[in-house]
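Chains A and B are the protein sequences, given in the same order. Under numbering that gives the first Met the number 0, the residue at position 244 of the first sequence is numbered 243, and the numbers go up by one with no gaps. Under numbering that gives the first Met the number 0, the residue at position 104 of the second sequence is numbered 103, and the numbers go up by one with no gaps.
Quick caveat, the hints were computed from the structure, so don't treat them as lab data. Since the structure is predicted, the reported quantities are computational estimates derived from the model, not experimental observations. One thing to keep in mind: the hints can contain errors.
[As the list claims (entries may be wrong)] Over 12 Å on every C-beta distance to chain B, these chain A residues come out as not near it, computed from the model: (1) Leu12; (2) Gly16; (3) Trp37; (4) Glu40; (5) Ile51; (6) Arg102; (7) Gly105; (8) Gly108; (9) Arg114.
[Claimed, not checked] The calculated EDC-like cross-link candidates involving lysine to aspartate or glutamate, where the alpha carbons are at most 16 Å apart (straight line), are: (10) A:Lys176 x A:Glu202; (11) B:Lys65 x A:Glu209; (12) B:Lys65 x B:Glu50; (13) B:Lys71 x A:Glu209; (14) B:Lys65 x A:Glu202; (15) B:Lys48 x B:Asp79; (16) A:Lys176 x A:Glu209; (17) B:Lys65 x B:Asp110; (18) B:Lys5 x B:Asp32.
Glycine included, each C-beta is placed from N, C-alpha and C at the ideal position.
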Amino acid sequence: MQGSFELQLPGVLDSLGRLCAFAYQAALESGLNEHTAWEIELAVDEAATNIIQHAYSPTRPGDVRLVCVREGSRFSVVLYDRGLPFDPDTIPAPDLTSSIDTREAGGLGIYLMGRMMDEVRFDYNPDTGENELRMMKYVGTKLPSDVRVVPVQGRIDATAAPALAAIVHETAETGGKRILLDLSGVTFLSSSGLRILLMLARELKSTGGELRLCSMQPAVAEVFALTGFTQIFTIHRTRDEALAALAALE
Amino acid sequence: MELIHKAYNRVDVIALSGRLAADTKAELEAKIDEIFDMGRHRIVLDLEKLEYISSPGLRVLIEARKRAREWKLSDLDRGDVRIVHLPQRIREVFDLTGFTPLFQIYDDLVDAVASY
Numbered sequence: 000m001q002g003s004f005e006l007q008l009p010g011v012l013d014s015l016g017r018l019c020a021f022a023y024q025a026a027l028e029s030g031l032n033e034h035t036a037w038e039i040e041l042a043v044d045e046a047a048t049n050i051i052q053h054a055y056s057p058t059r060p061g062d063v064r065l066v067c068v069r070e071g072s073r074f075s076v077v078l079y080d081r082g083l084p085f086d087p088d089t090i091p092a093p094d095l096t097s098s099i100d101t102r103e104a105g106g107l108g109i110y111l112m113g114r115m116m117d118e119v120r121f122d123y124n125p126d127t128g129e130n131e132l133r134m135m136k137y138v139g140t141k142l143p144s145d146v147r148v149v150p151v152q153g154r155i156d157a158t159a160a161p162a163l164a165a166i167v168h169e170t171a172e173t174g175g176k177r178i179l180l181d182l183s184g185v186t187f188l189s190s191s192g193l194r195i196l197l198m199l200a201r202e203l204k205s206t207g208g209e210l211r212l213c214s215m216q217p218a219v220a221e222v223f224a225l226t227g228f229t230q231i232f233t234i235h236r237t238r239d240e241a242l243a244a245l246a247a248l249e
Numbered sequence: 000m001e002l003i004h005k006a007y008n009r010v011d012v013i014a015l016s017g018r019l020a021a022d023t024k025a026e027l028e029a030k031i032d033e034i035f036d037m038g039r040h041r042i043v044l045d046l047e048k049l050e051y052i053s054s055p056g057l058r059v060l061i062e063a064r065k066r067a068r069e070w071k072l073s074d075l076d077r078g079d080v081r082i083v084h085l086p087q088r089i090r091e092v093f094d095l096t097g098f099t100p101l102f103q104i105y106d107d108l109v110d111a112v113a114s115y
């Protein structure tokens, strides 16, 4: 899903309601659900409030530009301003636990932005003279709770097979029914290694689970191709593709 | 944001609706100041119709409760800001920011008013 939305308004409190409503609407029109749209609205609200109250002042006015873009599973929000640069490190960590008499409500805006969004980044662009606040939300990539990724390193052969089996068994026992083996670190796969993979795949299948593989180096992929095992396993080119496919199952 | 204030014998109830954010909080701050200035310090905030809150709104609530508690007739009878009807989204923000244990929160307006 694609889509881009842009709004530029004076950096004053009177603009805040419109910036928030615009972000909420952009999220909905990009296919996000109401709860996610509210999270985005709240992050934009906190960000815009900071810009309006701290980057700008009545003697130092300027605009706020809001750009919302959906690209695939990523919804990104960027706020641009030309006010005082902001350094998030100067903001104290929020106090979330002390009693009412000593509770301070500082730092909550930045904290909420981080909780609402998956990534928050403050930059200053010297070429344009603008502060750029980027916030990302990844949608639809939440993994089902029974999916686990197990990275495997080195050689998979008779010597390494018991250790690999132990890791997979342990992962399955702690609720990982669907296991993705990331083979990007595997340099060699022997016939004993293939046998253990096949055995683990059968075991998981028998309990309603699944073993998938991803990120094979060429030498390993060749072994699979030569033995015809590519037909038996679900193999993904990259970990991202594998996770997207697993997420899409639910 | 809309605000409806009802003064009962001992307790002031403020019902909020809409958005409580940086651009709308001044009205609530002014109302709370007005109540304190009358020498009254037992407040119930009815949030049933409040759709949205951001951190400046949270700050108003915490400051109001702190100031109300400064007024004290005895250990058992002191000022307070209590809350009735916490909608789901407001509760999410309360939970994330550690506000939930900071306030006495009621499900019923009569209970909230009678708690004073």
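Consistency of the hints with the structure:
1. Leu12: violated, 4 Å
2. Gly16: Gly16 (chain A) is in fact no farther than 12 Å from some Cβ atom of chain B, at 6 Å.
3. Trp37: At roughly 6 Å from the nearest Cβ of chain B, Trp37 (chain A) sits no farther out than 12 Å, so the non-interface label is violated.
4. Glu40: Violated, because the least Cβ-Cβ distance between Glu40 (chain A) and chain B comes to about 8 Å, which does not exceed 12 Å.
5. Ile51: violated, 7 Å
6. Arg102: About 6 Å separates Arg102 (chain A) from the closest Cβ of chain B, which leaves it inside 12 Å; violated.
7. Gly105: With a cut-off of 12 Å, Gly105 (chain A) comes too close to chain B, as the shortest Cβ separation is near 9 Å.
8. Gly108: It is violated; Gly108 (chain A) is separated from chain B by about 4 Å at its closest Cβ, not greater than 12 Å.
9. Arg114: Since the minimum Cβ distance to chain B is about 5 Å, Arg114 (chain A) lies within 12 Å and the statement is violated.
10. A:Lys176 x A:Glu202: holds, 10 Å
11. B:Lys65 x A:Glu209: Judged against 16 Å, a Cα distance of about 56 Å means the pair is violated.
12. B:Lys65 x B:Glu50: Judged against 16 Å, a Cα distance of about 24 Å means the pair is violated.
13. B:Lys71 x A:Glu209: Given pair Lys71 (chain B), Glu209 (chain A) is violated - Cα atoms ~64 Å apart, limit 16 Å.
14. B:Lys65 x A:Glu202: violated, 60 Å
15. B:Lys48 x B:Asp79: violated, 21 Å
16. A:Lys176 x A:Glu209: holds, 7 Å
17. B:Lys65 x B:Asp110: Distance of about 22 Å is beyond 16 Å: violated.
18. B:Lys5 x B:Asp32: With Cα atoms ~15 Å apart, Lys5 (chain B) and Asp32 (chain B) stay inside 16 Å; holds.
Comparing the model with each numbered hint stated earlier shows that hints 1, 2, 3, 4, 5, 6, 7, 8, 9, 11, 12, 13, 14, 15, 17 do not hold.
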